[in-house]
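Which chain is which? The protein sequence lines are A and B, in order. Number 608 in my numbering belongs to position 265 of the first sequence; there are no gaps in the numbering. Number 77 in my numbering belongs to position 27 of the second sequence; there are no gaps in the numbering.
Take the hints with a grain of salt, since some may be wrong.
[To be verified] Pairs of lysine to any residue, SDA-like flavour, derived with a Cα cap of 25 Å: (1) 103/B x 652/A; (2) 454/A x 64/B; (3) 501/A x 652/A; (4) 289/B x 383/A; (5) 501/A x 393/A; (6) 277/B x 311/B; (7) 376/A x 309/B; (8) 501/A x 66/B; (9) 289/B x 393/A; (10) 690/A x 311/B; (11) 395/A x 331/B; (12) 454/A x 402/B; (13) 501/A x 331/B; (14) 53/B x 151/B; (15) 395/A x 124/B; (16) 374/A x 160/B; (17) 103/B x 675/A; (18) 509/A x 421/B; (19) 350/A x 160/B; (20) 542/A x 64/B; (21) 376/A x 160/B; (22) 504/A x 374/A; (23) 547/A x 123/B; (24) 690/A x 119/B; (25) 501/A x 103/B; (26) 374/A x 374/B; (27) 335/B x 395/B; (28) 548/A x 103/B; (29) 624/A x 593/A; (30) 292/B x 464/A; (31) 370/A x 151/B; (32) 396/B x 689/A; (33) 542/A x 599/A; (34) 454/A x 547/A; (35) 547/A x 119/B; (36) 382/A x 236/B.
Derived from the structure by calculation, the hints contain no laboratory data. In this text the structure is predicted, and so the values were computed from the model without any measurement.
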Amino acid sequence: MAEAPAKRITDIGPPHFEKFLPPIVKKNYGKWKYHEILKPGVMVHTAESGDKLYTVRAASPRLIAVDTIRMFADLADKYCGGHLRFTSRNNVEFLLTDPSKIDALVADLAKEGFPIGGLGAQISNIVHTQGWVHCHSAATDASGVVKSVMDALMPYFKGEKRLPAKTRVALACCLNMCGAVHCSDIAILGVHTRPPKVKNDVLKKLCEVPTTVAACPTGAIRPANVDGFESVTVEEQLCMYCANCYTVCPAMPLNNPDTDGLSIWVGGKVSNARSEPRFSKLAIPFLPNNPPRWPEVVQAVTNIIEVYAANARNFERIGDWIERIGWPRFFKLTGIQFTRYHIDDFKHAGWTFKRSAHIKFDQD
Amino acid sequence: MAKRETPMIDELRKGPYPSFVNEMYKLQGRKPMVQDLLGQLEDSYEQRIGHWKHGGIVGVMGYGGGVIGRYSDLSDKYPNVAHFHTMRINQPAGWFYTSQALRTLADIWERHGSGLTNMHGSTGDIVFLGTTTAELEPTFAELTAAGFDLGGSGSCMRTPSACVGPARCEWACYDTLKLCYNLTQEFQDELHRPMFPYKFKFKCAGCPNDCVASIARADMSIIGTWKDAIQIDQAEVEKYAKAGLDIEGAVVAKCPSQCISYNGKLTIDDGECVHCMHCLNVMPKALRPGRERGATLLLGSKAPIMEGALLSSVIVPFINIDDPEEYEQFKELVRRIWEFWDENGKNRERVGELIQRIGMPTFLDAVGLDPEPEMISAPRDNPYIFFQPEGEEA
Numbered sequence: 344m345a346e347a348p349a350k351r352i353t354d355i356g357p358p359h360f361e362k363f364l365p366p367i368v369k370k371n372y373g374k375w376k377y378h379e380i381l382k383p384g385v386m387v388h389t390a391e392s393g394d395k396l397y398t399v400r401a402a403s404p405r406l407i408a409v410d411t412i413r414m415f416a417d418l419a420d421k422y423c424g425g426h427l428r429f430t431s432r433n434n435v436e437f438l439l440t441d442p443s444k445i446d447a448l449v450a451d452l453a454k455e456g457f458p459i460g461g462l463g464a465q466i467s468n469i470v471h472t473q474g475w476v477h478c479h480s481a482a483t484d485a486s487g488v489v490k491s492v493m494d495a496l497m498p499y500f501k502g503e504k505r506l507p508a509k510t511r512v513a514l515a516c517c518l519n520m521c522g523a524v525h526c527s528d529i530a531i532l533g534v535h536t537r538p539p540k541v542k543n544d545v546l547k548k549l550c551e552v553p554t555t556v557a558a559c560p561t562g563a564i565r566p567a568n569v570d571g572f573e574s575v576t577v578e579e580q581l582c583m584y585c586a587n588c589y590t591v592c593p594a595m596p597l598n599n600p601d602t603d604g605l606s607i608w609v610g611g612k613v614s615n616a617r618s619e620p621r622f623s624k625l626a627i628p629f630l631p632n633n634p635p636r637w638p639e640v641v642q643a644v645t646n647i648i649e650v651y652a653a654n655a656r657n658f659e660r661i662g663d664w665i666e667r668i669g670w671p672r673f674f675k676l677t678g679i680q681f682t683r684y685h686i687d688d689f690k691h692a693g694w695t696f697k698r699s700a701h702i703k704f705d706q707d
Numbered sequence: 051m052a053k054r055e056t057p058m059i060d061e062l063r064k065g066p067y068p069s070f071v072n073e074m075y076k077l078q079g080r081k082p083m084v085q086d087l088l089g090q091l092e093d094s095y096e097q098r099i100g101h102w103k104h105g106g107i108v109g110v111m112g113y114g115g116g117v118i119g120r121y122s123d124l125s126d127k128y129p130n131v132a133h134f135h136t137m138r139i140n141q142p143a144g145w146f147y148t149s150q151a152l153r154t155l156a157d158i159w160e161r162h163g164s165g166l167t168n169m170h171g172s173t174g175d176i177v178f179l180g181t182t183t184a185e186l187e188p189t190f191a192e193l194t195a196a197g198f199d200l201g202g203s204g205s206c207m208r209t210p211s212a213c214v215g216p217a218r219c220e221w222a223c224y225d226t227l228k229l230c231y232n233l234t235q236e237f238q239d240e241l242h243r244p245m246f247p248y249k250f251k252f253k254c255a256g257c258p259n260d261c262v263a264s265i266a267r268a269d270m271s272i273i274g275t276w277k278d279a280i281q282i283d284q285a286e287v288e289k290y291a292k293a294g295l296d297i298e299g300a301v302v303a304k305c306p307s308q309c310i311s312y313n314g315k316l317t318i319d320d321g322e323c324v325h326c327m328h329c330l331n332v333m334p335k336a337l338r339p340g341r342e343r344g345a346t347l348l349l350g351s352k353a354p355i356m357e358g359a360l361l362s363s364v365i366v367p368f369i370n371i372d373d374p375e376e377y378e379q380f381k382e383l384v385r386r387i388w389e390f391w392d393e394n395g396k397n398r399e400r401v402g403e404l405i406q407r408i409g410m411p412t413f414l415d416a417v418g419l420d421p422e423p424e425m426i427s428a429p430r431d432n433p434y435i436f437f438q439p440e441g442e443e444a
């Protein structure tokens, strides 16, 4: 006899967060007084009650196996009364009430290959997307580039090298930007550089022509009969390779091993501290897709970080620093070539033109 | 089948930062799906191109989202990733877990999927990476039995997220976790059954440091702030000075509104403060947000697709957002915004883009908000004004 189907549960939403809060958090909820960073990767929050909560922040590749989740759970049991949390940048944070256990926890994490750091004026984990591991529209891999860049930036994650202010790096593997990298100190963005190759023979079968036409921000896509197929044509000089058409229509692929690559953007931020939040601006329009280690991207990001660390004043985010010294000096100091691609020629481009005679001339 | 050699991605097992390839290796011995994923990824690395097809429509019964269909275009070579769907699971607000909850999630995914996860995805969900269509319903049944539910995907209210808030931060100006949970529960239908022109995201940030990037990544950004005087502990200010902090240089000179002075005692002209957080960030022991706390509401941020990236902009300079009545007023505003967007938004047009297209004044009229100078950085500098004949509404 078939089993009676269990009652189907839906629309319950997530578990209430209170179920997962450590007792010290429940007791001092909303009553924290101040915090201090004790050393790279370790901070303490002090409550009005005098209670102290120690946080140990460890790196994470974001893409983790259930084995690692279980390992984190074991460490939480061993050191934190069974409690932990993750951050908005995919790091894992262990929450301790007994500071004498910190060193042992850090040692256990190190044994598992998870270094601590990423607090304050350091580089935290690189927020990133799925790339070739899981996405159809990726112009590059995500996890591999991030791993390569973070390997190089480890001294800045672990606090072995000093930075003027916190520095947030993000990667999105195409212009869809599920990583929303557009307000990062340094953004790595996968780009296509050639128009879609229309699959005329299958387009009508896979896509709606009007939706495909409407998907183009520049009006480059027109309905057309091609070789007897109801399809579309692309006005190639109007295409800026955003791939929005490919998102709505699989018969418009842009992925191309030889012409896809990565671009680097700088100076964005989301925090309101000192200066207002702002977008990242183009630093390097194109770097080649060069797996498995993407040396050109690693070199470019490391260079910008090093020049920033050597030249910015305390508390200046990358964007604040560039605002003070000016873009011409940024390009000069970093040795990044300024090209026609840096001058905006999309809608409302004039806002980024220099609209004054305020120009610096080198005195050396 | 013999394991395919993967020398390129194996290179990424080396180096000091935790390796996602090592994470895959933890599973590949017992998960054929992960073994094939490693193989396909090696193909991608060799050929410099992805091998995933467009998502198909897959999901669980009665929901329109929460599952992203994914199929390999190399399914003959890597049959175990022919289907490799993603499930988004609504995270607990603030990303707090017990070890028991984590083991429950791990065990469910061990039984039904690849064992690979993202902790967490960009919007905030727990992401279960890689399973087959047949496993979706059984996974969902186990998740809901354990008290978890799916998150959002497609043209719906996406899973709201929140910073750590009052759970572990002295700067939280409202209860981000409570609001996040409340919105998620209130709008379960909007979360699971896409019926909007496009996606809509909420992010709850407790203070203007905005650790959840709400101003860049949420259609509705709720950023905590305060109205009255910053609380100063002069004894702690003195301790900072004695410990060597250059208060004049690091705090006073760097205040964007130049409203701080220091002569052994710190004075703040609070009426001039723009609530940037810099002085509090530098001296957390000496300075605290005021007592009259609430939030600024900003609307409209998004990534570039399709009309260009936007930051959220102010629609309500200050609201109190603590008690049930204040929650209801906020949700009423949200419902008015959704209604207007539903009626006027084009397919795949975010609310920020709709405002760009039809104009902020028209939008404010429609949702019943009065124009206020805090909404702009400057008045218009073009004379192309759409005057309305007296007595007529837009």
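Hints, verified against the model:
In summary, the hint linking residue 103/B to residue 652/A is not supported, as the alpha carbons are separated by about 42 Å, beyond the 25 Å threshold. At roughly 15 Å between alpha-carbon atoms, residue 454/A and residue 64/B fall within 25 Å of each other, so this suggested pair holds. With a C-alpha separation of about 15 Å, the suggested pairing of residue 501/A with residue 652/A holds against the 25 Å cut-off. Proximity of residue 289/B to residue 383/A is assessed by CA-CA distance (about 22 Å); at most 25 Å being required, the pair is judged to hold.
Taken as a hint, the residue 501/A and residue 393/A pair is broken in the structure, with Cα atoms around 29 Å apart against an allowance of 25 Å. Note on residue 277/B and residue 311/B: the hinted pairing holds, with a Cα-Cα distance of about 20 Å set against a maximum of 25 Å. With a CA separation close to 24 Å, the supplied pair residue 376/A and residue 309/B stays within the 25 Å bound. For the given pair, residue 501/A sits about 11 Å from residue 66/B by alpha-carbon distance, which is consistent with the 25 Å threshold.
Restraint check for residue 289/B and residue 393/A: satisfied, since their Cα atoms lie roughly 19 Å apart, inside the 25 Å limit. Of the supplied pair hints, the one linking residue 690/A and residue 311/B is violated, its CA atoms being roughly 43 Å apart against a limit of 25 Å. The hinted pair formed by residue 395/A and residue 331/B meets the criterion: a straight-line CA distance of about 19 Å does not exceed 25 Å. About 47 Å separates the Cα atoms of residue 454/A and residue 402/B, which puts this hinted pair outside 25 Å; it is violated.
At most 25 Å may separate the alpha-carbon atoms for a hinted pair to count; residue 501/A and residue 331/B meet this at roughly 21 Å. For a cut-off of 25 Å, the pair hint linking residue 53/B to residue 151/B is broken: about 34 Å separates their Cα positions. Of the supplied pair hints, the one linking residue 395/A and residue 124/B is violated, its CA atoms being roughly 54 Å apart against a limit of 25 Å. For the given pair, residue 374/A sits about 39 Å from residue 160/B by alpha-carbon distance, which is inconsistent with the 25 Å threshold.
Simply put, residue 103/B and residue 675/A have alpha-carbon atoms about 43 Å apart, too far for the 25 Å limit, and the pair is violated. At most 25 Å may separate the alpha-carbon atoms for a hinted pair to count; residue 509/A and residue 421/B exceed this at roughly 36 Å. Taking the CA atoms of residue 350/A and residue 160/B, the gap is about 23 Å. The hint holds against a cut of 25 Å. A C-alpha spacing of about 41 Å is found between residue 542/A and residue 64/B, which places the hinted pair above 25 Å, so the restraint is violated.
Note on residue 376/A and residue 160/B: the hinted pairing is violated, with a Cα-Cα distance of about 41 Å set against a maximum of 25 Å. Proximity of residue 504/A to residue 374/A is assessed by CA-CA distance (about 34 Å); at most 25 Å being required, the pair is judged violated. For the given pair, residue 547/A sits about 20 Å from residue 123/B by alpha-carbon distance, which is consistent with the 25 Å threshold. At roughly 34 Å between alpha-carbon atoms, residue 690/A and residue 119/B are farther apart than 25 Å, so this suggested pair is violated.
For the hint linking residue 501/A to residue 103/B, the alpha-carbon distance of about 39 Å lies beyond 25 Å, and the restraint is violated. Using a Cα cut-off of 25 Å, the hinted pair residue 374/A and residue 374/B holds, with the two alpha carbons roughly 21 Å apart. Taken as a hint, the residue 335/B and residue 395/B pair is broken in the structure, with Cα atoms around 47 Å apart against an allowance of 25 Å. This hinted pair checks out: residue 548/A and residue 103/B have alpha carbons roughly 16 Å apart, not beyond 25 Å.
Of the supplied pair hints, the one linking residue 624/A and residue 593/A is violated, its CA atoms being roughly 30 Å apart against a limit of 25 Å. For the proposed pair residue 292/B and residue 464/A, the alpha carbon gap of about 22 Å is at most 25 Å, so the pair holds. With a CA separation close to 21 Å, the supplied pair residue 370/A and residue 151/B stays within the 25 Å bound. Only pairs whose Cα atoms come within 25 Å are accepted, and residue 396/B paired with residue 689/A is accepted, the gap being roughly 22 Å.
Taken as a hint, the residue 542/A and residue 599/A pair is honoured in the structure, with Cα atoms around 15 Å apart against an allowance of 25 Å. Of the supplied pair hints, the one linking residue 454/A and residue 547/A is violated, its CA atoms being roughly 55 Å apart against a limit of 25 Å. Distance hint between residue 547/A and residue 119/B is fulfilled; the C-alpha atoms sit about 21 Å from each other, no more than 25 Å. For the suggested pair residue 382/A and residue 236/B, the alpha carbons sit about 41 Å apart, so the restraint of at most 25 Å is broken.
Against the hints set out earlier in the document, violations occur for numbers 1, 5, 10, 12, 14, 15, 16, 17, 18, 20, 21, 22, 24, 25, 27, 29, 34, 36.
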